[in-house]
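Student: Take the sequence shown: its position 53, counting from 1, is numbered 53 in our numbering, and each next residue is one higher.
Keep in mind that the hints were calculated from the coordinates and are not lab data. A quick note: this is a predicted structure, and the numbers were derived from the prediction, not measured. Glycine included, each C-beta is placed from N, C-alpha and C at the ideal position. A few of these clues could be false.
[As the list claims (entries may be wrong)] Restraint ranges, calculated between C-beta atoms of paired labels, are given here: (1) MET15 <-> ILE38: 32 to 38 Å; (2) MET15 <-> SER37: 29 to 35 Å; (3) ILE33 <-> ILE55: 54 to 60 Å; (4) GLN2 <-> ALA25: 32 to 38 Å; (5) ALA6 <-> ARG27: 30 to 36 Å; (6) GLY16 <-> ILE56: 38 to 44 Å; (7) ARG5 <-> MET32: 39 to 45 Å.
[Said to hold, decoys possible] Below, computed lysine to any residue pairings styled on SDA-like, alpha-carbon distance capped at 25 Å: (8) LYS18 <-> ALA29; (9) LYS18 <-> ILE38; (10) LYS50 <-> ASN28; (11) LYS50 <-> ALA61; (12) LYS18 <-> SER37; (13) LYS50 <-> ASP31; (14) LYS50 <-> ILE38; (15) LYS50 <-> LEU62; (16) LYS18 <-> TYR40; (17) LYS18 <-> ASN28; (18) LYS50 <-> GLU60; (19) LYS50 <-> ALA29; (20) LYS18 <-> LEU8; (21) LYS18 <-> LEU7; (22) LYS50 <-> TYR40; (23) LYS18 <-> ALA6; (24) LYS18 <-> ARG5; (25) LYS50 <-> ARG35; (26) LYS18 <-> THR39; (27) LYS50 <-> THR39; (28) LYS50 <-> SER37.
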Amino acid sequence: VQIFRALLENAAGEMGAKMSAMDNATRNAGDMINRLSITYNRQRQAQITKELIEIISGAEAL
Numbered sequence: 001v002q003i004f005r006a007l008l009e010n011a012a013g014e015m016g017a018k019m020s021a022m023d024n025a026t027r028n029a030g031d032m033i034n035r036l037s038i039t040y041n042r043q044r045q046a047q048i049t050k051e052l053i054e055i056i057s058g059a060e061a062l
């Protein structure tokens, strides 16, 4: 009975460690998605601004 209990505790501890690792990985992935989304949106906005400046500059030349 004691050996069985020790095996169960070992398995439970291993599962707990795996759950903790996966929770951290999920959280880190979410943080990375947020950072990449911000970077993407800033680059997109910079490109839009550049294109608008080019359009306005072309209109002023006329």
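Student: What are the numbers of the hints that this structure violates, sorted from low to high?
Tutor: 3, 6, 9, 10, 12, 13, 16, 19 and 26
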